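Asker: Here's the letter readout for the chains.
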Amino acid sequence: MNFEQTPSFSTSSGINRRTVLASALGGLVGGTSLLPLHASAQTDDVKIGWIKPVTGPLASSFGPLYLAGQIAMDEINAAGGILGRKLVKVEVDDQANPSQSPIATRKLVDQGVKIIVGPIGSSQTLASLEVSTSAKVIQAAYATATEMGDGTRFPYHYQFNFTAAAQVYRHAELLQKRGIKKVGLLIEDSAAGVSMKDAMMKELPARGMQVVSEQIFPIKVADMTPFLRKLRSDGAEAIDAQVSNNVDITQMLVGLSRMNWKPLIVGHTGLLFAGTPGAIPDSARYNDVYAATFRSLTYTDTEQPPERVKAFCKKLLANDVSEALLGPAATTPFYDYLYALKYAVEKAKSWDSDQIKNALDTASAIDGLYGKMSFTKERHSAYDQSVVAMAVSNSMEEPLSKEYHGLFRRRAAGV
Amino acid sequence: MLLEDLLALLTTGLTMGAIYAMVAVSFNIAYKPTNVFNMAQGELVMLGSMFAWALMTQKHIPWALAIVGVMAVVAAIGLFEERVAVATLIRRPSHHHGWIISTLAFSIIVINVGDHVWGSDAQVVPPVPGATLDTVQWGSLTFSTQQVAVILIAAASIALVEWVYRHTLAGKAVLAVAEDRDAARLNGISPSRLTMTSFALAAAYAALTGVVAAPLLLASTTIGLGLLVKGFMVLAIGGVGSNWGALAAGLMLGCVESISSVQLTPGYRQLLLLGVVLVVLLVRPFGLFGRRGLREV
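Chains as they are written, first to last, in this note's numbering: chain A, 1 to 415; chain B, 416 to 712.
Hints listed in this document are in silico derivations from the structure and should not be mistaken for laboratory results. Heads up, a few of these hints could be off.
Unchecked claim - Which stretches of chain A does chain B cover? Using the computed rule of at least three CB atoms under 8 Å from a CB of chain B, they are:
hint	segment
1	59-73
2	217-225
3	243-253
4	267-278
Stated by the list, open to error - If you anchor each label on the Cβ, the simulated ranges turn out as follows:
hint	chain 1	residue 1	chain 2	residue 2	range
5	A	K181	B	V551	52 to 62 Å
6	A	E397	B	V644	35 to 45 Å
7	A	H405	B	H475	54 to 64 Å
Note that this is a predicted model, so its numbers are computed, not measured. The C-beta atom is built at its ideal place from N, Cα and C for all residues, glycine as well.
Produce the entire structure from the sequences given, and follow the hints as far as they go.
Answerer: Right, here's the structure in full:
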């Protein structure tokens with residue numbers, strides 16, 4: 001190598017040290033984030049790839065969603081690991097950015113990682129799977145899009161959260177029971193939103209309801225009122241909503257309050273968010289708002305949540321998670337994923353991807369946190385609509401809900 | 416669509432437009448003596464909203480006192496940015512466009528630090544004293560007094576900025592530096608000092624924007640980028656350097672965005688807004704109120 005041709009930091013070249021440092025700053029901020037953060041596995045340990053945003057604007061929101069996976073990993077390791085081998089994380093930062101997710105995935109694949117947790121988000125997951133599928137990496141991301149559970153399309157990806165179709169099944173059931181005929185859709189502009197809208201457009205007409213308006217709003221919208229006004233003027237008697245973050249929940253409730261409109265609302269788990277504290281007037285909260293969630297996270301006067309779920313929630317509450325993020329942290333797929341992995345590896349007695357896949361594809365009743373999990377070669381979604389229920393969003397003040405910081409909610413009657 | 420709904424959309428549009436206009440004016444304040452577009456301007460608005468939340472909501476400091484503190488702190492951050500990310504680069508003509516990446520890098524650092532300190536949860540900031548978020552019904556018109564306050568503050572603050580430029584020695588010095596940096600220096604004006612002052616004032620104005628916008632938008636570490644983009648669009652339509660142009664363009668863009676929001680998906684809405692920008696620039700390359708970059712010699 002000819003070192004003499006290495007550019008020097010001379011003023012005559014028009015570039016000096018300061019310029020280079022200043023110009024490189026942006027690149028450094030992004031670039032370093034792709035380096036593996038934890039890669040200190042012993043030879044006998046099993047590396048678990050952990051695609052997680054450590055930097056970027058979503059790092060603090062998405063961080064707590066990996067807690068469930070950490071709890072499962074700690075439990076499994078404390079019990080001796082899987083086939084006697086401990087699980088160790090190899091964490092890479094994707095900044096929750098779909099353009100970074102494949103790069104982060106490639107980092108893991110290049111290190112020989114064959115099991116991956118994450119990323120979060122449907123767009124990020126699709127981007128990551130472009131890399132991991134061909135490398136035969138067993139992976140579970142947090143993506144609600146129904147096609148993510150399609151085993152023919154993504155043979156090594158498994159879905160442990162309930163799908164858009166399963167959610168909408170319950171939405172429609174509740175709307176039908178309430179005699180609703182005209183429904184307006186309020187959908188966030190995201191891949192998950194598209195998936196939910198597709199499911200709604202199938203399920204609602206199939207049950208004799210008319211979709212009278214579709215309003216798609218940008219995520220973290222500055223004002224939801226225009227969309228709500230359009231829904232009302234188009235004749236919507238009820239709203240089926242895909243609203244997945246606290247800002248949009250807040251703007252939705254504030255907008256409805258401004259319009260003095262209290263329609264029946266069914267929607268995504270995000271409706272369990274309480275909204276930004278102090279931003280929503282008390283009058284804006286009403287009882288006709290229902291969110292799809294795991295049945296085991298709901299209760300009735302006669303039926304309490306399972307003890308295993310309560311114990312898990314207590315572990316989650318022991319961590320410093322903001323109340324707004326507790327619900328999503330409890331329903332992430334990563335706890336179930338690591339236990340399903342344990343089941344499959346122990347059944348196959350192997351860490352080979354294809355053997356793990358075969359064990360999972362023939363599993364019919366793995367004990368999941370929220371119910372029995374089963375897969376087929378074609379269906380890689382662990383849960384169907386039987387584990388989903390509709391919860392009353394505004395039940396946070398009830399004793400059990402209060403004790404668990406809103407993790408448990410009252411189940412909607414009859415659904 | 417009902418008249419009431421249409422008027423509500425217009426009210427929303429005017430309010431958002433006023434906020435966009437303020438972002439654009441904050442660009443102008445930093446731009447005039449430097450020819451630098453500060454890519455971190457959106458994050459300075461974000462800092463204004465988050466500091467307002469910290470002081471007003473968390474520390475319960477009175478609004479009037481808190482806003483002074485917020486503007487002072489963000490002004491200091493703007494000044495720091497000017498020193499580390501701009502001053503050294505614009506001094507050398509050979510690579511004076513380095514500010515594009517350096518101010519962008521500064522914005523990335525701000526947003527990452529902000530996210531680590533505050534998280535991305537939205538927070539509540541109280542309305543301007545005397546205003547509320549309660550809905551007022553006036554015939555077919557529905558609005559909140561906070562929305563009215565935002566529009567009035569935008570118009571009044573822009574008038575004040577223009578008055579400073581036209582009627583004070585410092586303002587005239589800024590205009591002189593904007594016209595010809597070297598000639599201004601020969602007349603005893605220190606461009607370096609004016610650059611520092613302008614960056615600090617632009618940051619303070621961005622902070623003011625964040626404080627008055629936050630009760631409606633909610634304070635959050637994620638609001639900066641969107642406002643940066645809209646501020647740029649408004650700047651392009653109104654004409655770079657024209658503050659009244661920014662107000663007119665902001666109100667127009669806000670109304671187009673609001674009214675189109677119920678008919679178009681966000682993707683098509685973005686296309687429409689960019690289409691408006693392109694059409695304006697095709698017809699008037701220097702924006703509606705911009706001036707040709709001609710110099711008399």
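Asker: Determine for every hint whether it applies to the structure shown.
Answerer: To see whether the hints hold, each was checked on the structure:
Counting residues of the segment 59-73 of chain A whose CB falls under 8 Å from any CB of chain B gives 3; the rule of at least 3 is met. Using a Cβ-Cβ cut-off of 8 Å, 6 residues of the segment 217-225 of chain A lie near chain B, which meets the minimum of three, so the contact claim holds. With 4 residues having a Cβ less than 8 Å from any Cβ of chain B, the segment 243-253 of chain A passes the three-residue criterion, so the hint holds. For the segment 267-278 of chain A, the assignment as covered by chain B holds, since 3 residues bring a beta-carbon within under 8 Å of that chain's beta-carbons and 3 suffice.
Checking the proposed 52 to 62 Å range against A:K181 and B:V551 shows it is violated: the Cβ atoms sit about 34 Å from each other. Judged by the Cβ atoms, the range 35 to 45 Å given for A:E397 and B:V644 holds: they are separated by roughly 40 Å. Separation of A:H405 from B:H475 is about 25 Å and departs from the stated range, judged on CB atoms against 54 to 64 Å.
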